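Peer 1: With these hints in hand, go ahead and build the complete structure from the sequences.
Below are the chains, spelled out letter by letter.
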Amino acid sequence: MELTELWVENMRIDRIINPESGKMLILEIDWANDAYSERIIRDCRNYCDGVIVSKDQVNRLHPYLMGSSAPAFIIQIDWKSFYQGFQRSLYENSEIVNSAVEEAILLGASSITSSFIVGHDKDEDEARNLEAISFLARACERAGVPLIIRCLPFGRRITKENFCRCVELGARVAMEAGADIVAIPYTGDQPSFNRIVYGVNIPILLLDVQTPLGRSIDSLKSALEIGAVGAIISYETLKDYTTQKVKIIYEVIHGGS
Amino acid sequence: MSVGKNIRMNSIFNPDDGKCVMLPVDHNFLVGPIRGLENVEETLKRALMGRLDAVMVSPGQAKRLAHLFRKRGSPALVIRGDWSNAFREKTYTLPVRSIQEILIAHPRDLLHLGATGAVIYYFVGYGDEEKQAQHYERMRWFIKNCEAVELPCLVTVMPMGEKVSGANFVDFLELGVRMAVEAGADMLEVPYTQDVDTFRRIVAAAKGVPVLCAGGPKAARLRDTLEIVVELLHAGASGVVFGRQVFQSEDPAALLNMLYALVHEGKTVEEVLGLIGRRIRLKTLAEKCIGCRLCEIICSSSHGSSFSMGKARLRIREAQGKYVISTCTLCGLCAKACPVGAIKVNVELGRLEFNEEKCIGCGKCVEACPTEVLKLDEKGKPLICDRCQGDPQCVRWCPVEAIIAEVY
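Sequences listed follow chains A and B, in order. Counting from 1, position 253 in the first sequence corresponds to residue 318 in my numbering; the numbering is continuous, with no gaps. Counting from 1, position 43 in the second sequence corresponds to residue 88 in my numbering; the numbering is continuous, with no gaps.
Hints are not guaranteed to be accurate.
To be verified - Rough simulated footprint, nothing fancy, chain B against chain A, three-plus residues with beta-carbon under 8 angstroms: (1) 96-105; (2) 190-202; (3) 261-269.
Bear in mind the hints are in silico, worked out from the structure with no lab data behind them. Keep in mind that this is a model prediction, so the values were computed, not measured. From the three backbone atoms N, C-alpha and C, an ideal C-beta is built for every residue, glycine too.
Peer 2: Structure representation (structure tokens):
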């Protein structure tokens, strides 16, 4: 990787990370409809460091994303969209990935995010998912854009017993594929989460999803103690959010309260 | 060969001898976390203290660990261009149900990450012919694009799939090697076929393309690992790609130095183990002994032409349900007892030396031996332990490592 691209990538990451605490809180709002997403960003823009939005949402929400104090925005690219209209693998059609990344840079995104589902019912789907995030990582490397991969253990193959191992597998594979930041759900205890932080060796965010092991503010505190650099909060928290609730999470992450 | 590729090939293979010692650390990408690679950076830091020619990594690791390869003399980076779930056996998280193999990067991207070479798998033996054809097409596409950016391509050929059995493994491997060579592979990695003759067949099928041998799971004994390397080199291999053997060992750097000495310096196993020309002490671990008496058999045969336990220079006895191993302790009492000086203790090499011409067959040495391992042969001459001139065969053949050679 060329030196210029490295510092461009670092510069974009620094836009998301809070300069005082070195941590970040990201709100994922790409699932919300127009009115609700606007409400979230209007209410919480002072209590987050970044927002995950779709490309279309950038057009609608851009008044809230302007100015030096506005949160950085991260564009969500759905890996499945790469396969629409194509039956074959991505290696011959990697332009589709490159153009998606280029489009995100032109809009001014500080980062790109996609998901890696661990536990697909079909091995073919796992391979396609990994292929998509790998080519996305290559395109991001060329463009100097950090890539955040959200690892989601999901499906019938995930049990309470193998949940931790699946999270670890997902985080490792995503990092080896080229992710710059990995977001994972809490594994239920500090030793298992610590093993992932130690092994993956890139910044880790706590992912706010419903897991077999439950979730709470204590999980967040526990993950931050071990070395997580922040959290992504999503539908599970934001479906019935209050500004106060988001503020508390923000303060836990940045203030350590 | 184009200039760019020639330069890169000679960074992977030592230009003086055309051989290579490669360390793969991309296992986490394929099977998830494994022992020895809990933290790849720390493992690599330890390993890079040893001598090696190239390291095989995933694209993510290449980006993350670039700082380890910045200085002059660093090993070449061979970056993986594909992914497969084929190695996720039942012991791993989410075991494989249907073999998948995908490309994860354009060779141009790997070059961009600082690759000196690229590596992909080629599985041969699929039950589904269409899947096999698609896999070949992907390999061909990748190699063609490697050629376009002058990046040497290493193809790891693996018999894998429904058609493969123990009986046809070598045939499929040979077929896969031929297909990879025809597709334009610049170097090959293959699993060991478990014997030299069949491995020679594989090397011959490669038609001059360098063949590296994969290490596979960690062997029980270090000597076994090293002896296989010597066999491979005799069979025409251009080097080794040893991963788990190295990073699951106690001292990865020391093992890499041993492999390097075997591959590049033509040293023997004994030399790299540091046994030749050194003082050796035999250490016995009676609790490990299973009483097979292979040590006695091999001792007698290596000092003569007979398999007679009565002529062994060590003794296994059973006492109270346990085995006791008696070996020469180099106490020197036999030498002191000898009236004609036929037995001497060589202090420098740590072994007994016997002058048959001087010996008068009085048997005083046998009487003096406190461990009762010294005995006379049919001519009345003592059977002394000479530590097999630095390579004790009892140590080499013991199946449970109950006898160990210690250098002191």
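Peer 1: If a hint holds in the structure, say so; if it doesn't, say that too.
Peer 2: Verification of the supplied hints:
With a threshold of 8 angstroms between beta carbons, the proposed coverage of the stretch 96-105 of chain A by chain B is violated, since 0 of its residues qualify and at least three are required. Note: the stretch 190-202 of chain A has 8 residues with beta-carbon separation from chain B under 8 angstroms; the three-residue rule is met and the coverage holds. As drawn, the stretch 261-269 of chain A meets chain B at 4 residues by the rule of a beta-carbon pair under 8 angstroms; at three or more, the given contact holds.
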